[in-house]
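**Q** As they're listed, the protein sequences go chains W and L. The first sequence begins at 1 in the working numbering and counts up by one. The second sequence begins at 1 in the working numbering and counts up by one.
Check the hints yourself; a few may be wrong.
Listed next, the in silico DMTMM-like pairs over lysine to aspartate or glutamate satisfying Cα-Cα at most 25 Å (straight line) [claimed, not checked]:
| # | chain 1 | residue 1 | chain 2 | residue 2 |
| --- | --- | --- | --- | --- |
| 1 | W | K114 | L | E251 |
| 2 | W | K105 | L | E251 |
| 3 | W | K114 | L | E247 |
| 4 | W | K30 | W | E249 |
| 5 | W | K129 | L | E341 |
| 6 | W | K129 | L | E115 |
| 7 | W | K129 | L | E251 |
| 8 | W | K176 | L | E247 |
| 9 | W | K176 | L | E251 |
Since the hints were derived computationally from the structure, they do not count as laboratory data.
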Amino acid sequence: MTQTQNGSGPALHVEGLWKIFGPNGDKIIKSADAQLPRKELQEKTGHVVGIRDVSFDVAPGEVFVVMGLSGSGKSTLVRLLTRLIEPTAGKVELYGEDITAMNDKALLETRRTKVSMVFQHFGLLPHRKVIDNIAFGLEVRGEGRGARRNRAQEMVDLVGLSGYENNYPDQLSGGKQQRFGLARALAADPEVLMFDEPFSALDPLIRRDMQNEVIRLHKEVGKTMVFITHDLSEALKLGDRILIMRDGEIVQIGAPDEVVGAPADDYVRDFTSEVPKSHVLTLKWVMRDPDGTEATDAPVLQADQIVRDAARVVLDYDGPCRVERGGDLVGIVDDEDILRVVVAEEASA
Amino acid sequence: MSVVAAPPVVSSKEEQPYVDPERNRHTGYKLLAILMVWLVLWLALRGHQTRELGLQDKTGFHDWLNEVRDWVQLHGADNWFFGGVLGGIADFFNAVFEFIQKLVSVGAFPRPVPEIGWLGVVALATWATYAAAGLRATLLVVFSLLAFGVTGLWSPSMDTLIITLFSVLLCIIVGLPVGVLMARRDRVSAAITPLLDAMQTMPSFVYLLPMALFFGIGAACAVAITVVYALPPLIRITEHGIRSVPETTVEAARSMGMTQRQLLWQVQLPMARRTIVVGINQSTMAALSMAVIAAFVAGPGLGPLVNSGLQNQNVGVAAVPGLAIVLMAIMLDRTTTAASERTSKGGGIASVSGPGVMLAGVVLERLPRWATEDAGKGEKRPRLTAAGRSSLLAVLLIPVLVAVWLSRYTLSLAEFPDVSNTPVLKYLDGASLAQDINDFTDWLVPAVDTFTLALKDDVSNWLLNPLQSLLADSPWWVMAGVLIAFAWTVGGWRPAVVTVLCEAVIFGTGLWNDSMVTLTMTIVATLLTMLVALVIGVAMGRNRRVDVITRPFLDAFQTIPPFVYLVPALALFGVGRFTAIVAAIAYAAPIATKLVADGIRGVSPTTVEAARASGSTAWQMITKVQLPMARQALVLATNQGLLYVLSMVVIGGTVGGGSLGYIVYSGFTQDPLFGKGLAAGIAITAIGIMLDRIARSAAARHGR
Ligand SMILES: Nc1ncnc2c1ncn2[C@@H]1O[C@H](COP(=O)(O)OP(=O)(O)OP(=O)(O)O)[C@@H](O)[C@H]1O
Ligand SMILES: [Mg+2]
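Sequences are here, hints too, so could you generate the full structure?
**A** Written out as structure tokens, the structure is:
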């Protein structure tokens with residue numbers, strides 16, 4: 001599509017992004033007050049720091065999850081990315097295009113064609129049938145009636161809800177509404193999809209369905225995704241990488257196993273303490289350095305294999321197994337290493 | 001564009017202003033102290049410096065106002081503003097009115113009959129109502145129009161209808177854009193809202209004299225007054241409708257890259273449509289009530305007929321056009337309601353939930369049930385497709401046009417025939433109806449008169465007279481001090497300052513004593529209104545069944561234009577202050593009752609359950625849980641009640657209510673008293689603002 005996409009640059013590049021809520025945000029950011037902790041700043045000036053000096057990159061095709069407790073600034077962050085909220089400072093680039101420097105027209109164009117959002121409360125218009133809701137984005141950018149109908153119908157089929165397209169949103173369950181929310185976001189064929197806690201209003205079973213749906217769609221359409229959630233298991237399940245936020249700041253960015261295996265601080269550790277580690281950690285996190293006790297004919301496992309999947313093999317074999325990466329021996333695991341993870345889990349459960 | 005206006009910093013719970021619990025307790029003692037001082041001063045100084053003024057006496061201010069009027073009448077035509085701008089508007093209004101009048105209501109020279117006879121009008125109205133509002137509303141419209149004709153009120157009914165509908169049309173043309181603009185620009189909203197507040201605090205009666213000065217008397221003035229009066233609710237509700245489109249929806253729309261214009265036309269307006277139609281409904285009802293009162297500035301229609309009946313104390317003669325007005329009110333209300341039920345296309349309108357629409361800081365009760373509860377659910381699908389409907393309407397247009405054509409060339413179809421000699425229908429003729437109503441009244445009044453007279457005497461002797469003596473016989477400066485102290489005690493320094501200003505205005509009008517009499521009547525009527533509202537409202541709030549049975553009656557009462565209430569009140573209680581009070585209660589009680597009921601109903605069920613679990617009796621539940629928790633609603637009900645009562649007490653001046661209302665009325669009827677009437681209007685406005693401010697501050701302070 002765009003020439004920038006051909007390069008190996010990131011899909012999304014965020015640099016030094018700030019948001020200070022309040023009438024004089026741009027003055028405060030230049031003063032020393034900006035360094036105050038959130039609470040003190042609020043007491044002193046009445047301004048709230050929404051996002052403080054956040055930088056990260058998202059690779060094309062990646063599922064990038066942002067998580068944090070309520071009020072940590074997740075929603076503010078995604079909205080800054082398309083300037084639904086104006087940043088106080090910093091830069092956002094989408095495939096090399098500087099969103100923060102765009103004029104109104106270019107910004108509208110970006111929202112119409114390059115980025116789509118899925119909202120917690122679905123954001124469907126109650127006075128339109130769902131099919132018209134899906135076609136709405138296309139209508140806004142001026143596509144013809146026939147074309148947008150076809151495209152909308154395709155999307156309905158894609159999310160597996162053919163037959164419901166002529167209902168009005170409030171005649172459908174939350175789960176179905178959100179599927180249509182997804183379909184609407186996909187209809188514009190955007191480069192990046194953004195989700196703001198899309199499933200937190202749904203009940204657990206439906207939520208699981210929807211997560212699988214996202215995984216499936218990601219496989220099928222391969223879009224770059226920025227996914228906000230406050231649910232760690234959702235983050236671990238979907239994310240290629242996870243950004244953990246607190247009070248508007250980044251605490252840690254890493255792959256799921258990194259976040260669980262090497263939490264940056266107590267905040268993250270607290271978060272991850274409930275997670276079944278054997279489901280997340282790879283052998284890399286449990287293996288020991290080779291000490292010569294490993295037999296040459298011992299079973300070979302890969303370093304990025306999930307502990308749970310490797311457990312059977314290790315437990316069945318008497319003695320340490322070999323862990324390799326790219327054909328090289330990088331470590332060994334025996335029953336004890338595996339059990340340490342599994343038993344610790346039992347104890348904490 | 002996408003700049004998100006930063007809302008005021010949300011203060012957490014701990015940061016909310018600390019309310020000293022001691023404060024409320026002291027209020028009672030302070031009020032008692034004020035009362036004691038007042039009583040002592042009253043005993044010592046009663047009858048001195050009361051600033052009483054005989055009806056025919058005038059002050060310099062009144063004379064000056066008369067001179068202003070004389071100047072306007074003499075030179076206005078040459079003035080660019082009076083003659084140019086206002087004169088132009090008046091000419092336009094008159095021209096439109098007369099044009100439509102010739103079309104449907106009076107002979108269009110050289111024709112002895114209107115261009116379109118009654119049959120044509122009925123056919124056209126039927127068709128239009130059917131297209132916009134469905135079958136049931138259509139039946140009601142046909143019935144109403146025929147009833148106007150049979151009772152011999154065709155022409156005046158048409159005139160009232162023309163004024164009402166023309167005014168509503170103007171309101172929509174002006175009000176919709178203003179409301180939309182206010183919703184989208186906070187600054188515009190901040191600038192216009194106080195103006196709307198002021199307009200809505202002013203009792204309708206007060207508009208009359210100044211507008212007569214600006215527009216001269218007659219149809220143009222009636223239209224102008226009606227527009228001014230019916231505009232604020234439409235603007236307010238439009239703004240509310242647009243603003244209450246959920247933030248999440250607006251955000252989703254923006255995330256898709258909508259321009260502001262697309263946002264307005266494709267999201268905000270469609271979602272607010274139903275609310276806006278509610279606004280049109282409210283505006284229509286306000287317009288009708290004002291179009292009737294415009295009788296006092298020689299506005300044509302049913303109003304003058306009611307008024308002349310009242311002035312001759314002929315209940316029957318006043319009641320027949322009065323009933324026609326009620327019928328018209330029901331017809332307009334049902335039609336606009338039905339139209340709005342249709343406007344929602346399937347989708348629910350999430351926008352009109354919430355506590356209700358604020359009007360002049362006064363809650364216009366909860367929006368009608370149909371506007372909120374059934375939003376989008378179980379919605380009836382039209383049996384016809386859109387195309388089928390249009391072709392049906394097109395086909396139906398043929399008989400309509402035939403009827404119009406016939407009504408142009410057949411006399412009996414052009415002018416509603418006199419039915420006084422027709423069998424059956426002759427009983428429905430206006431004159432015989434009036435006679436029947438008089439017979440009925442003559443039978444009824446003696447039958448209930450022991451009760452009504454006792455009520456009248458008791459209230460007069462125990463409440464009205466003592467209070468009036470206390471307020472009106474105290475020296476003016478004592479009263480002024482008492483009111484300021486009262487405002488200070490219940491509301492703080494803000495309402496106290498407003499009170500001082502309003503008192504200065506009242507004093508300046510030279511009508512201090514009459515103002516105190518009007519204030520007395522307002523207070524008494526409000527007390528009684530709240531008594532009624534509490535009894536019925538609590539019963540409704542606690543018991544669904546009572547609510548279901550009572551509410552339709554309250555709804556019906558609320559659609560009746562205030563002026564009409566005078567008719568039954570006059571029949572039962574004769575000429576006098578008490579009649580005005582009764583009419584005021586009847587007018588104000590329904591809305592106050594609904595507010596109380598909603599307040600009681602709004603008390604959280606868990607709290608009620610908890611109280612029940614700890615063994616409260618029903619009485620304890622009401623007095624210790626439900627009423628205290630519904631305090632905000634009670635204060636609002638009182639506030640709303642006060643304004644309704646004031647506006648009615650003033651109109652009641654025309655049936656012997658005396659004081660300010662009667663002075664305004666005399667301003668219409670007696671030339672030399674014009675200025676004094678105008679001054680009385682100013683005094684009434686000052687009273688209204690004063691009471692409203694005090695009640696609102698009290699609500700803010702005690703209503704948490
Ligand atoms: N318009 C605003 N004005 C002032 N403060 C705001 C505004 N919007 C958000 N905030 C504050 O910024 C902080 C971050 O809010 P945000 O909505 O981004 O949190 P979140 O992580 O999405 O939380 P949640 O999980 O509850 O959705 C909060 O403390 C919030 O109070
Ligand atoms: Mg959020």
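**Q** Could you work out which of the previously given hints the structure breaks and list their numbers from low to high?
**A** Per hint list: single violation, 6.
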